[in-house]
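K.L.:
As a plain string of letters, each chain reads:
Number of protein chains: 2
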Amino acid sequence: MKVTSKQIAELCGVTRGTVDRALNNRPGINEATREKIMKVAGELGYRPHFLAQSLVKGQTKTLGIVLFDMYNRIFSQLFHAFEAEARRHGYFVYLVLTNKDKALEIEYLNNLLDRKVDGIAMSPVNMGPTLDSFLKESGVPVVTFTNRVSAKVPFVWIDDKQAMKTAVHHIASKGYQRILYVSPPLRYKGKSNIYVPEQRYKGFIEACTELPDISYTVITDYDYLESLLRLIAESDEKPAILCSSDIYALDVMRFLKVNDIRIPEQAGVMGFDNIDILHYVDPALTTIDFHVDEIGRRAAEQLIASIQGRDIPRRTHVGYAIIERDSL
Amino acid sequence: MKVTSKQIAELCGVTRGTVDRALNNRPGINEATREKIMKVAGELGYRPHFLAQSLVKGQTKTLGIVLFDMYNRIFSQLFHAFEAEARRHGYFVYLVLTNKDKALEIEYLNNLLDRKVDGIAMSPVNMGPTLDSFLKESGVPVVTFTNRVSAKVPFVWIDDKQAMKTAVHHIASKGYQRILYVSPPLRYKGKSNIYVPEQRYKGFIEACTELPDISYTVITDYDYLESLLRLIAESDEKPAILCSSDIYALDVMRFLKVNDIRIPEQAGVMGFDNIDILHYVDPALTTIDFHVDEIGRRAAEQLIASIQGRDIPRRTHVGYAIIERDSL
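Going down the list, the sequences are from chains F and H.
Residue numbers for the first sequence follow full-length UniProt numbering, beginning at 1 and rising by one.
Residue numbers for the second sequence follow full-length UniProt numbering, beginning at 1 and rising by one.
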């Protein structure tokens, strides 16, 4: 049963033009008539009514969240927390997946804007002035996480650089003098927004500069596991393998086991992220935990505050902590 | 810069009423004028233009996917595959999360319908005639997976009952005569749509009926780990612990390790789903694999076929296979 504006006009005893004015929130109609029309349209299940009502209220009570990946557990956790907080404020959340495709990211942003979402939270793969001005022109509040866009776009995350420095100092304090730093995403430098791996890398280098006794190698190869095996064999010094994310640390641990290299007796391993599946892995992985639920919650909270016209910080850092387990 | 229909009217040399007719796809306007107006509106970046154009074309090229959970890896994998297939056909995908909340599921469905998605794929928590008639009245093609709604709503999944029967026969073939069946979701029977655990349970019971030498206990407690420990201690017969999903099997394995019960020497464990994180777990878990990527892909493919007016099957079963590893 498709309801037309003509039927609404007949039921309300007004012209179709008046119905259009009400549904499209244009002037030239008194408030009582508008309300009557909206009520009848609603009762009839007139579908465009939702959009019309949204225009009346000036908002759709819908947020978009743009993610580049749902494989890494971090994003499932963050999304669950974001959604829960948004719901608490009466917002619906639409998630879209860009799969690290820069063109698709722009298409999805346009699509969400066309759908008149009230605000967008995103983990961007585009970068620099192009995305910056696109977001500014959109006129819609935006909050970013993981990869930062610029000083102009609010960003909720952790201080990756400082956290990675802390990790290196922790490794040094355990007596290691040799670190193999594994960060495959670094090879996308300049091609994609890799703010997070770059910040972690900066922290790693800064810490190594502060610790002259540490020798290190940075591994960014696609075949990083093979490189790792070669590097381990090159020296008698027991290495600590520091991975820029737990997902790499899990592959490293599995690979070392297959190659009969005992953890931590022959090589230490440390991750970053404290993803929830670590719970099931032996030996328990030493890593850096950050409150990803808090990031999801605060991103939603700040986005909604921004929609409501309040000022929000350009940068919010949540806490992190080393989780010492059995792999170092 | 906000573009109004007045500006479009001026640029096109027509009345605002004509612009409204064009944008809202109403009659009383010739095709050349309509096209001119749509073109100008498009060039000016007139936002409602997207919706207007969608109405002209009768479709928005957007699909909704309704999931009740993103923690279980199965859903991340399925979503990635669904999205990729939809993109291949030029569709955008909006994911919404119901968090197993039945009222929220209906709210999100309404929200997606208001947004005029062309079709909806869903993993339902509502059930029975209520959801059945809601979906029918929506007038939008729907495909379901995981939990089935009714014979009327297309369903893409595996034959859970047959798969679980196969699992039981496999366990029996390994010499086990005692099975502890762990399926915590069964306690929601009647309260929520738990089609998947119910089908698996039916398969379990049918197989046990076929195998009179097997003794079994079904555990559905919230504290199933404690119950398990008690049951293991009750008999000298080495049990096979068969879990209705890998996520429970992972918790079981971890718990047995903590309690110094060796797998498979003192207790066998088998899961179901073959989630990708099993890759990292010791001992490697014997489980049932089903092609969740294929389910995602075929759900998208069938949904799009249905949107295009083609008939699609009411039920599609993809394949499954026992993955024999080290835990039995």
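Everything labelled a hint here was simulated from the structure, so no lab data went into it.
Using N, Cα and C, we set each Cβ at its ideal position, and we do this for glycine too.
Careful, some of the hints might be misleading.
Stated by the list, open to error - List of simulated lysine-lysine pairs, DSS-like, C-alpha gap at most 27 Å:
1) F:LYS191 to F:LYS238
2) F:LYS191 to F:LYS174
3) F:LYS152 to F:LYS136
4) F:LYS136 to H:LYS6
5) H:LYS39 to F:LYS116
6) F:LYS6 to H:LYS100
7) F:LYS36 to H:LYS116
8) H:LYS174 to H:LYS189
9) F:LYS189 to F:LYS161
10) H:LYS191 to F:LYS136
11) H:LYS6 to F:LYS6
12) H:LYS136 to F:LYS39
13) H:LYS61 to F:LYS116
14) H:LYS257 to F:LYS257
15) F:LYS102 to H:LYS61
16) F:LYS102 to F:LYS161
17) F:LYS116 to H:LYS36
18) H:LYS174 to F:LYS116
19) H:LYS61 to F:LYS100
20) H:LYS6 to F:LYS116
21) H:LYS100 to F:LYS61
22) H:LYS191 to H:LYS102
23) F:LYS191 to F:LYS100
24) F:LYS36 to H:LYS6
25) F:LYS39 to H:LYS116
26) H:LYS257 to F:LYS6
27) H:LYS136 to H:LYS174
28) F:LYS116 to F:LYS161
29) H:LYS174 to H:LYS257
30) F:LYS61 to H:LYS189
31) F:LYS39 to F:LYS116
32) F:LYS174 to F:LYS152
33) H:LYS174 to F:LYS6
34) F:LYS61 to H:LYS116
35) H:LYS102 to F:LYS61
Unchecked claim - Derived list of chain H stretches under chain F, where covered just means 3 residues or more per stretch with a C-beta under 8 Å from a C-beta of chain F:
36) 90 to 103
37) 108 to 120
38) 222 to 232
39) 244 to 254
40) 279 to 291
K.L.:
Take the hints in turn and mark each one as holding or not.
P.N.:
Here is what the structure says about each hint:
For the hint linking LYS191 of chain F to LYS238 of chain F, the alpha-carbon distance of about 34 Å lies beyond 27 Å, and the restraint is violated. With a C-alpha separation of about 36 Å, the suggested pair LYS191 of chain F and LYS174 of chain F falls outside the 27 Å cut-off, and the hint is violated. Restraint check: the Cα-Cα separation between LYS152 of chain F and LYS136 of chain F comes to about 9 Å, which is no more than 27 Å; the hinted pair holds. Distance hint between LYS136 of chain F and LYS6 of chain H is fulfilled; the C-alpha atoms sit about 25 Å from each other, no more than 27 Å.
Distance restraint check for LYS39 of chain H and LYS116 of chain F: the Cα-Cα separation of roughly 20 Å lies within the 27 Å cut-off, and the hinted pair is therefore satisfied. Using a Cα cut-off of 27 Å, the hinted pair LYS6 of chain F and LYS100 of chain H is violated, with the two alpha carbons roughly 40 Å apart. With a C-alpha separation of about 24 Å, the suggested pair LYS36 of chain F and LYS116 of chain H falls inside the 27 Å cut-off, and the hint holds. The suggested pairing of LYS174 of chain H with LYS189 of chain H is violated, with an alpha-carbon distance near 31 Å, which exceeds 27 Å.
Between LYS189 of chain F and LYS161 of chain F the alpha-carbon distance is near 17 Å, which keeps this suggested pair within the 27 Å criterion. At roughly 47 Å between alpha-carbon atoms, LYS191 of chain H and LYS136 of chain F are farther apart than 27 Å, so this suggested pair is violated. For the proposed pair LYS6 of chain H and LYS6 of chain F, the alpha carbon gap of about 23 Å is at most 27 Å, so the pair holds. Distance check on the hinted pair: LYS136 of chain H and LYS39 of chain F sit about 25 Å apart at the alpha-carbon level, within 27 Å; holds.
Under the criterion of a C-alpha separation no larger than 27 Å, the hint pairing LYS61 of chain H with LYS116 of chain F is consistent with the structure, at around 16 Å. Of the supplied pair hints, the one linking LYS257 of chain H and LYS257 of chain F holds, its CA atoms being roughly 19 Å apart against a limit of 27 Å. Between the alpha carbons of LYS102 of chain F and LYS61 of chain H the distance comes to roughly 20 Å, so the proposed pair stays at or under 27 Å and holds. Proximity of LYS102 of chain F to LYS161 of chain F is assessed by CA-CA distance (about 25 Å); at most 27 Å being required, the pair is judged to hold.
Taken as a hint, the LYS116 of chain F and LYS36 of chain H pair is honoured in the structure, with Cα atoms around 24 Å apart against an allowance of 27 Å. The hinted pair formed by LYS174 of chain H and LYS116 of chain F fails the criterion: a straight-line CA distance of about 58 Å is larger than 27 Å. Restraint check for LYS61 of chain H and LYS100 of chain F: the C-alpha separation of about 21 Å stays at or below 27 Å, so the hint holds. With a CA separation close to 20 Å, the supplied pair LYS6 of chain H and LYS116 of chain F stays within the 27 Å bound.
Proposed proximity of LYS100 of chain H and LYS61 of chain F is supported: the alpha carbons are some 21 Å apart, at most 27 Å. With a C-alpha separation of about 10 Å, the suggested pairing of LYS191 of chain H with LYS102 of chain H holds against the 27 Å cut-off. Among the hinted pairs, LYS191 of chain F with LYS100 of chain F is consistent with the structure: their alpha-carbon atoms are about 11 Å apart, no more than 27 Å. Under the criterion of a C-alpha separation no larger than 27 Å, the hint pairing LYS36 of chain F with LYS6 of chain H is consistent with the structure, at around 26 Å.
Simply put, LYS39 of chain F and LYS116 of chain H have alpha-carbon atoms about 21 Å apart, close enough for the 27 Å limit, and the pair holds. Restraint check for LYS257 of chain H and LYS6 of chain F: the C-alpha separation of about 70 Å exceeds 27 Å, so the hint is violated. Of the supplied pair hints, the one linking LYS136 of chain H and LYS174 of chain H is violated, its CA atoms being roughly 47 Å apart against a limit of 27 Å. A distance of roughly 36 Å separates the Cα atoms of LYS116 of chain F and LYS161 of chain F; the hinted pair therefore is violated under the 27 Å criterion.
At roughly 22 Å between alpha-carbon atoms, LYS174 of chain H and LYS257 of chain H fall within 27 Å of each other, so this suggested pair holds. Only pairs whose Cα atoms come within 27 Å are accepted, and LYS61 of chain F paired with LYS189 of chain H is rejected, the gap being roughly 34 Å. Of the supplied pair hints, the one linking LYS39 of chain F and LYS116 of chain F holds, its CA atoms being roughly 22 Å apart against a limit of 27 Å. Proximity of LYS174 of chain F to LYS152 of chain F is assessed by CA-CA distance (about 40 Å); at most 27 Å being required, the pair is judged violated.
A distance of roughly 71 Å separates the Cα atoms of LYS174 of chain H and LYS6 of chain F; the hinted pair therefore is violated under the 27 Å criterion. A C-alpha spacing of about 16 Å is found between LYS61 of chain F and LYS116 of chain H, which places the hinted pair at or below 27 Å, so the restraint holds. Between LYS102 of chain H and LYS61 of chain F the CA atoms are separated by roughly 20 Å; this keeps the pair inside 27 Å, and the hint holds. With 7 residues carrying a beta carbon less than 8 Å from a beta carbon of chain F, the stretch 90 to 103 of chain H meets the three-residue requirement, and the given coverage holds.
Only when three residues or more bring their CB closer than 8 Å to a CB of chain F does the claim for the stretch 108 to 120 of chain H stand; here the count is 6, and the claim holds. Look at the stretch 222 to 232 of chain H against chain F: 0 of its residues bring a Cβ nearer than 8 Å to a Cβ of that chain, fewer than three, so the hint is violated. Coverage of the stretch 244 to 254 of chain H by chain F holds. Counting CB-CB distances below 8 Å, 3 residues qualify, and the rule asks for three or more. Taking a C-beta to C-beta cut-off of 8 Å, the stretch 279 to 291 of chain H contributes 4 residues in contact with chain F, enough for the three needed, and the coverage statement holds.
Violated hints, in rising order: 1, 2, 6, 8, 10, 18, 26, 27, 28, 30, 32, 33, 38; the structure is consistent with all others.
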